[in-house]
Structure formats: C-alpha cells, structure tokens
Amino acid sequence: MADVVSIGRTGREEAVPPAAPRIPDFQIVPRKGLIGAAAVLVLLVVAMSVDELWPLMFLHVAFGAAWTIVDLFLGLVLGPILGSMPVPARIELTTRLMPKMLIIMPVVVTVTLAAGWQLGMHLGTVYSAYPDHDWLVASYIVVGVMAIIALGLLEPANVAVLVELKKPKPNPAVIEHLMKRFIYSAGIIGAMQVATLVIMTKLASG
Amino acid sequence: MTEQRLPPVTQLGMLSLALIVAGGIYLSANIPGDVPLAPAVILLVLSALLLAGNLLALSRVPGFPWRRFFEVARWALLAYAITAGLIEFAFLRNDLSGGPLVVLTLSLVVYAVHVPMLIGFTVARYQETT
Chain X
10 MADVVSIGRT
20 GREEAVPPAA
30 PRIPDFQIVP
40 RKGLIGAAAV
50 LVLLVVAMSV
60 DELWPLMFLH
70 VAFGAAWTIV
80 DLFLGLVLGP
90 ILGSMPVPAR
100 IELTTRLMPK
110 MLIIMPVVVT
120 VTLAAGWQLG
130 MHLGTVYSAY
140 PDHDWLVASY
150 IVVGVMAIIA
160 LGLLEPANVA
170 VLVELKKPKP
180 NPAVIEHLMK
190 RFIYSAGIIG
200 AMQVATLVIM
210 TKLASG
Chain S
17 MTEQRLPPVT
27 QLGMLSLALI
37 VAGGIYLSAN
47 IPGDVPLAPA
57 VILLVLSALL
67 LAGNLLALSR
77 VPGFPWRRFF
87 EVARWALLAY
97 AITAGLIEFA
107 FLRNDLSGGP
117 LVVLTLSLVV
127 YAVHVPMLIG
137 FTVARYQETT
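In order, the protein sequences belong to chains X and S.
Position 201, counted from 1, in the first sequence is what the numbering used here calls 210; the numbers after and before it change by one each time, with no gaps.
Position 127, counted from 1, in the second sequence is what the numbering used here calls 143; the numbers after and before it change by one each time, with no gaps.
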C-alpha cells in the first residue's frame, strides 16, 4: 500500500507515481436488487389499497427507521471514514456500497413517505385540526429539505461516480470531487435526521 | 480536472425542486381546508419555468455530450416516473380532486423530469474526461 496516493488529502505523496487502482467489476444498478425493490413497492400499493392500520404502521415505522439509521450512519460514521480512506480502499467500498444505495434509498424513502401519508390520512393526523399539526408541518419541511439535497446533489453524485468508475480510465479528480459532494450531502442529511427523530418521537408521545 | 463552462443547472434544478416542495407543503399543511391555490400555482409556474430555462441553457452548450446524458437520464426518468406514479396513487387513493390534484400532479411531472435531468447532467458533464 506504500505506493498509494491519497488524492486530495495532502498532495505531498505525488513524488511516487501512483499505481492505477484496481476497479472491481460491478453493475451500476444491481439487476437482482430491482426484483426486491419491485416486490416492496407492490407491498406498498397493497397496504395503501387495503388501508389497514397495521400494514401502514409497519411500512412507515420499519422503512422510516431504516431511512433514519442509514442516513445517520452513512452521514456521520461511514462518510467521514470513507473520506479518509486511501483511494484503492475507497474504490473497493464505493463499488460495493453505492450501487446498493442507488436501489435501497429511493425505495426506502418512497415507502416511508407514501405509507406515512396514508397512515396520517387513516389516523387523521394530517388534518389541520390535529393538535400537533405544527410538528407535522415541521416534519414536512425537514423531509422537503432532505429531499432537495438528496435529489439535487447526493443522488446525481452517486450515479456519476459509479459511471466514472465504469470508464476504462476513470479520472481520480472527478471521483474525488463527486465523492466529496456525496459525503458532505450525506453528512448534512444525517444531521437533519436528528430533527426527524425529535419530531417523530414528539408526535408519537402526543 | 478540466471542466467545460456550463450553466448552473444543478443550482437551478435544486431551486426548482425547492419551489414545488414548498407548494406541496403549503397544500398538504392545510388539509382539509379550502386554501387559495394561487401561492401553489405561482410556485409551480416558477418551478416549471426554471426547468424550461435549465433545458434551454443546457441545449445551448456547444458540444454537450447529449448521448451520455440521455443514456443515463432515460433510466432515471423511468425510475422517477415510478415513484411519481406511487405518490400520485396516494393522492387518488385519498380522493384528492380538483385544483389541488392538478397542481400536485403537475408538480410531480416537474419532479419526475427535473431529477433525471440533474442526474443526466451530472454524469454527462464529466464525459470529456474519458
């Protein structure tokens, strides 16, 4: 590992020409994962159609917990670790982690929000007469800001870094730039998930 | 890293998304009351104008790698059309109708087009580095 250059960290190791890091073969969108994603989305449609309390509660709580935990872990734990790893290790992790994230996160977010909305209609908590309505509106705002960051910055960076890594000669500077964008976005979203936890526990406690 | 001089597509895209999110929050925060649609309509129109402006600005970039852009954006469009469809299903399932349904549906259209555009743009802008 002595010949590895940590791009964008110190810039002093450039005296030693870097060996091109090995890039493992990977699928940008894992085909097998699409089957699981489709199955989950079918479950969501069924749960919303039957409009029963338990399936809606299950989907909202289970997927909402997954969303919060993944964001917190990625943004505040894994992100900084990823940023400090040497390039070959970062590439190994990225090519394994990011394709999965590309499928998991949109599904987790869609299920959480759609089931949550249906649950709110079922329980009457989305109506403006609900006593804690202001808290609910606060949650819309938090989710809205997270969605804008995720859709505008994080997701495009995620796809772009994978496409770059698929090229015969990936540009390390492009990967570095996009990874920074991904890690910072994930960090902001992770921090915002703390607000989600505060709001949701307040709503659940009444 | 060499970068072509490009219009601020990402910034405008995020602003456009912020406008439709604001419109959506405004409408959903006032359920089931009758609220004036005008603020949501204005936000939607501004968001759609930003989308159109973004596409126009990008179309004027000489030598932009459109092939790579569409290669990525079409699949993203499919994915985001599915999520938009699910959200639309939630609206219809809860008997949303009239003006709010039209505004929210058009907002979903802007969302389902603008996000794939941002993804396609982010990928295509680095195409020259191959």
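Keep in mind that the hints are not guaranteed to be accurate.
Unchecked claim - Quick partial rundown of chain X residues pointing at chain S, CB under 7 Å, derived from the structure:
#1 M57
#2 V59
#3 L62
#4 L132
#5 V135
#6 Y136
#7 G161
#8 A169
Unchecked claim - Calculated from the model, a selection of chain X residues having no Cβ within reach of chain S, i.e. all distances over 10 Å:
#9 Q36
#10 K41
#11 A74
#12 M110
#13 I157
#14 I158
#15 I192
#16 G196
#17 I208
Said to hold, decoys possible - The list that follows gives simulated cross-link-like pairs (lysine to aspartate or glutamate, EDC-like), each with its CA atoms no further than 16 Å apart:
#18 X/K211 - X/D143
#19 X/K175 - X/E185
#20 X/K178 - X/D34
#21 X/K175 - X/E61
#22 X/K175 - S/E87
#23 X/K176 - S/D50
No wet-lab data here; the hints were simulated from the structure.
The beta carbon of each residue, even a glycine, is placed where N, CA and C say it ideally should be.
Status of the hints after comparison with the structure:
| no. | hint | verdict |
| --- | --- | --- |
| 1 | M57 | holds (6 Å) |
| 2 | V59 | violated (11 Å) |
| 3 | L62 | violated (15 Å) |
| 4 | L132 | violated (13 Å) |
| 5 | V135 | holds (6 Å) |
| 6 | Y136 | holds (6 Å) |
| 7 | G161 | holds (4 Å) |
| 8 | A169 | holds (4 Å) |
| 9 | Q36 | holds (12 Å) |
| 10 | K41 | holds (16 Å) |
| 11 | A74 | holds (20 Å) |
| 12 | M110 | holds (14 Å) |
| 13 | I157 | violated (5 Å) |
| 14 | I158 | violated (8 Å) |
| 15 | I192 | holds (15 Å) |
| 16 | G196 | holds (17 Å) |
| 17 | I208 | holds (14 Å) |
| 18 | X/K211 - X/D143 | holds (11 Å) |
| 19 | X/K175 - X/E185 | holds (15 Å) |
| 20 | X/K178 - X/D34 | holds (14 Å) |
| 21 | X/K175 - X/E61 | violated (45 Å) |
| 22 | X/K175 - S/E87 | holds (14 Å) |
| 23 | X/K176 - S/D50 | violated (53 Å) |
Hints 2, 3, 4, 13, 14, 21 and 23 from the list above are not met by this structure, while the remaining hints are.
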